[in-house]
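J.: The residues making up each chain are set out below.
2 protein chains.
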Amino acid sequence: MDSLVPETRVLAVASHVVYGHVGNTMATFVMQSLGCEVAALNTVHFSNHTGYRQFKGTRATAQEISDLYQGLCQSNLTDFDVMLSGYSPSAAAVESVGTIGIDLQEKAEKKPGSFFWVLDPVMGDQGRLYVNDDVVPAYKKIIPFADLILPNQFEAETLSGIKITSLETLASAVTAIHKIYSVPHVIITSVQLFKLSQSGSTPSPPENFLTVIGSTTRSDGSPRLFRVDVPALDCFFSGTGDMFAALTVARLSEAVSAVDGLRTTKSWLSPDDVAATDLPLASATVKVLSSMHSILERTLESRDAELAVAVPALEGEASAEELQKRDYLRRTKAAEVRLVRNTRVLRDPKILFEVQDWKKEDLPKDLR
Amino acid sequence: MDSLVPETRVLAVASHVVYGHVGNTMATFVMQSLGCEVAALNTVHFSNHTGYRQFKGTRATAQEISDLYQGLCQSNLTDFDVMLSGYSPSAAAVESVGTIGIDLQEKAEKKPGSFFWVLDPVMGDQGRLYVNDDVVPAYKKIIPFADLILPNQFEAETLSGIKITSLETLASAVTAIHKIYSVPHVIITSVQLFKLSQSGSTPSPPENFLTVIGSTTRSDGSPRLFRVDVPALDCFFSGTGDMFAALTVARLSEAVSAVDGLRTTKSWLSPDDVAATDLPLASATVKVLSSMHSILERTLESRDAELAVAVPALEGEASAEELQKRDYLRRTKAAEVRLVRNTRVLRDPKILFEVQDWKKEDLPKDLR
Chain F
1 MDSLVPETRV LAVASHVVYG HVGNTMATFV MQSLGCEVAA LNTVHFSNHT
51 GYRQFKGTRA TAQEISDLYQ GLCQSNLTDF DVMLSGYSPS AAAVESVGTI
101 GIDLQEKAEK KPGSFFWVLD PVMGDQGRLY VNDDVVPAYK KIIPFADLIL
151 PNQFEAETLS GIKITSLETL ASAVTAIHKI YSVPHVIITS VQLFKLSQSG
201 STPSPPENFL TVIGSTTRSD GSPRLFRVDV PALDCFFSGT GDMFAALTVA
251 RLSEAVSAVD GLRTTKSWLS PDDVAATDLP LASATVKVLS SMHSILERTL
301 ESRDAELAVA VPALEGEASA EELQKRDYLR RTKAAEVRLV RNTRVLRDPK
351 ILFEVQDWKK EDLPKDLR
Chain S
1 MDSLVPETRV LAVASHVVYG HVGNTMATFV MQSLGCEVAA LNTVHFSNHT
51 GYRQFKGTRA TAQEISDLYQ GLCQSNLTDF DVMLSGYSPS AAAVESVGTI
101 GIDLQEKAEK KPGSFFWVLD PVMGDQGRLY VNDDVVPAYK KIIPFADLIL
151 PNQFEAETLS GIKITSLETL ASAVTAIHKI YSVPHVIITS VQLFKLSQSG
201 STPSPPENFL TVIGSTTRSD GSPRLFRVDV PALDCFFSGT GDMFAALTVA
251 RLSEAVSAVD GLRTTKSWLS PDDVAATDLP LASATVKVLS SMHSILERTL
301 ESRDAELAVA VPALEGEASA EELQKRDYLR RTKAAEVRLV RNTRVLRDPK
351 ILFEVQDWKK EDLPKDLR
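Chain order of the listed sequences is F and S.
So in our numbering, the last one in the first sequence is 368, and the numbering has no gaps at all.
So in our numbering, the last one in the second sequence is 368, and the numbering has no gaps at all.
With the rest of the complex left out, here is chain F (with noise of 0.2 Å):
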């Protein structure tokens, strides 16, 4: 059918919430509407996304994850071309999604390229962790076998123990976690790179720009740079990691196939005259990026008309704590992006944004 990628069967591990988009609740439905085959594990059972500031629900044990896994196994219904694997409770859990990982990637040994995973070492943003201290360490073990990692700029901080201050540092930061965990794949999902000190002769792009910065390596382990620069929305929203996630599998899948042999290449590497801004990887942080901007877009419009209705007034007196609150659940409520009605533009994007090359001087001198 046509606007579907290539049939890509995906085990995607992350949370679930009742109500809203984000983790496997974002996440499956973005790739079942790409027309990807998914199998959600999910790791926790939330009634809503942890924004709203309150929530009910259960976590997953580390034995529940492991034996759903079990069940998958005993049953041979395993035959999964990537695994997606998103936030996990603890560093008990993420150990279990790294034995799925890690047991997939030895089942398609002999096959080359028939199994690729994605990991989201979810951990923290804007310069703290949201984890337990446990996990990091957990994750620094798992991640050598993922073939694609997707840090913000705080974890790709926490995995390489550079500090991102400038271009040159957010170079050596990706450089080392291709070095240090052999991962072939990384994309740095967000900087605010106008936040950062110039340097070298790359305008910085405007104020409220979000960088997206992606590299596949070379056989020689040295990283392939590329840069993509998309507005930010004045908005929070959650999810939007997962959304990226989740579009990143089916475009990258899209884009692999699309290369004669690199679909049965270890880890969809592509050979090294590739340049970067031609790698799979670059044409579909484009295509992810534009998808996104288009919903995201949609969402702020829908998010205004539904601010735009009167509230009810309260039956009985309220305390202005009371008022503040459901305004605060309202406007939390009314950000939740809207997926189902949109699904046109996460098939068939407007190309908004284009892959730029990095400029030598921006480079660290070893990497020039």
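Because the hints were derived from the structure by calculation, they are not lab data.
Keep in mind that this is a model prediction, so the values were computed, not measured.
Incorrect hints may have been included.
Remember, identical chains collapse to one label, so a pair may be satisfied in a single copy or spanning two.
[Stated by the list, open to error] Below 30 Å or equal to it, Euclidean Cα-Cα: the simulated DSSO-like pairs (lysine-lysine) are: (1) K365 to K195; (2) K325 to K111; (3) K140 to K107; (4) K107 to K56; (5) K110 to K333; (6) K111 to K56; (7) K110 to K325; (8) K107 to K141; (9) K111 to K266; (10) K163 to K195; (11) K325 to K163; (12) K56 to K110; (13) K179 to K195; (14) K333 to K107; (15) K107 to K325; (16) K111 to K333; (17) K333 to K350; (18) K140 to K110; (19) K111 to K179; (20) K266 to K110; (21) K360 to K195; (22) K333 to K266; (23) K333 to K141.
Given chain F, put chain S in place with the hints provided.
T.: Chain S in isolation, oriented as in the chain F frame:
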């Protein structure tokens, strides 16, 4: 957007499986594909459906189900137009689900038609219960609060106390369900009419046809019966009941929205002068069955293609029993309903069937 039903917010309460499509793992995507915003509250978390004869995972307790709903309530996330409730793993869980449905009905009391509860009383099939005995009375208690129920033949017999052996007894069973439970809409989702005794002048459909019987009450409580005959496909598919329920939610919402004022009428009850075959429930059923037939035909093709691929030899020796089990698992997997590549027939079904009126001679004397 074209091909989507009007905006409908659905709370879907049913089972979740990692692999394949049954329960909420069927219903959620089907309703989302048609443009419904779905909140999935999962009552079990299994690796796969029970048709594989083995699975791993956990069941939600009644308390966990209630807690998730409380989580929604405390953050004002209960603005649902429809609730679709399916499999619950215990009598206590059925009660929890019932409490949710009753609470949502109460919340909507001042706005007639603003909430509609579709209840699939999942209890058994083919003459036997597959839930605990105490689940039956639990359902009997909550059905009076539902707007539409979707029993199969066995469940309709269980609820009505009438053994269905003819068209007359079938009509009596529907009438009894309307009366005993004051439930305004009923669809009996599959009756093998050719197995019933011939009666009246209505020709029985040929063998291997399934008949779907629906009815919406008039204001005096009498039924308005319609019927749709569809050819059965030669394969057992899991999750078809859930697909039927999910499509019915979307198509009934669509059909009711097309009638002036009906969406704001309690229980979406059509005026008495609307004939059975002109009911929104009838036109919805025809669309639902058309989509289902096309999806299952495509599933059958994909199944045959999957089974035609040679099976790799097992390493080491395998007993006859092991080989047989592997073959059974493989056939069960191959019959998983194919959804994600076939959304077009969900959204824009070619209408394959027509709704039929009941002949007077096929009705019990008091209904003629």
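J.: Next step is simple, just say for each hint if it's right about the structure.
T.: These are the hints, each one checked on the structure:
Within a single copy, K365 and K195 get their C-alpha atoms as close as 22 Å, which meets the 30 Å cut-off; across copies the closest is 82 Å, which misses it. In this assembly of identical chains, K325 and K111 lie within 30 Å of each other by CA distance solely across copies; the values are 26 Å between and 54 Å within a copy. With identical chains, the CA atoms of K140 and K107 are at most 30 Å apart within one copy only, with a shortest distance of 22 Å there and 49 Å across copies. In the homo-oligomer, the alpha carbons of K107 and K56 lie at most 30 Å apart only across protomers (21 Å), although the nearest pairing inside one protomer, at 37 Å, exceeds that limit.
For the identical chains of this complex, K110 and K333 are inter-copy neighbours only, at 23 Å across copies versus 47 Å inside a copy, given an alpha-carbon limit of 30 Å. Within a single copy, K111 and K56 get their C-alpha atoms only as close as 43 Å, which misses the 30 Å cut-off; across copies the closest is 28 Å, which meets it. When the C-alpha separation of K110 and K325 is checked against a cutoff of 30 Å, the pair qualifies only between copies, where the shortest distance is 25 Å, while the shortest distance within a copy is 56 Å. Only within a single protomer do K107 and K141 lie at most 30 Å apart by alpha-carbon distance; the minimum there is 20 Å, versus 50 Å between protomers.
With identical chains, the CA atoms of K111 and K266 are at most 30 Å apart within one copy only, with a shortest distance of 8 Å there and 59 Å across copies. In the homo-oligomer, the alpha carbons of K163 and K195 lie at most 30 Å apart inside one protomer (13 Å), although the nearest pairing across protomers, at 75 Å, exceeds that limit. In this assembly of identical chains, the alpha carbons of K325 and K163 never lie at most 30 Å apart, being 36 Å within a copy and 55 Å across copies at closest. Within a single copy, K56 and K110 get their C-alpha atoms only as close as 44 Å, which misses the 30 Å cut-off; across copies the closest is 28 Å, which meets it.
In this assembly of identical chains, the alpha carbons of K179 and K195 lie at most 30 Å apart only when taken from the same copy (26 Å versus 69 Å across copies). Taking CA atoms no more than 30 Å apart as the test, K333 paired with K107 passes between copies only; the shortest distance there is 19 Å, against 42 Å inside one copy. In this assembly of identical chains, K107 and K325 lie within 30 Å of each other by CA distance solely across copies; the values are 21 Å between and 50 Å within a copy. When the C-alpha separation of K111 and K333 is checked against a cutoff of 30 Å, the pair qualifies only between copies, where the shortest distance is 22 Å, while the shortest distance within a copy is 45 Å.
Taking identical chains as interchangeable, the C-alpha atoms of K333 and K350 lie at most 30 Å apart only when both belong to the same chain, with a minimum of 27 Å there against 37 Å between chains. Within a single copy, K140 and K110 get their C-alpha atoms as close as 26 Å, which meets the 30 Å cut-off; across copies the closest is 56 Å, which misses it. Only within a single protomer do K111 and K179 lie at most 30 Å apart by alpha-carbon distance; the minimum there is 25 Å, versus 62 Å between protomers. When the C-alpha separation of K266 and K110 is checked against a cutoff of 30 Å, the pair qualifies only within one copy, where the shortest distance is 10 Å, while the shortest distance between copies is 62 Å.
In this homomeric assembly, K360 and K195 come within 30 Å of each other (Cα to Cα) only inside a single copy, at 21 Å, whereas the closest approach across copies is 79 Å. Taking CA atoms no more than 30 Å apart as the test, K333 paired with K266 passes between copies only; the shortest distance there is 28 Å, against 42 Å inside one copy. For the homomeric pair K333 and K141, neither the shortest alpha-carbon distance inside one copy (37 Å) nor that between copies (34 Å) is at most 30 Å.
Taken one by one, the earlier hints fail for this structure at numbers 11, 23, listed in ascending order.
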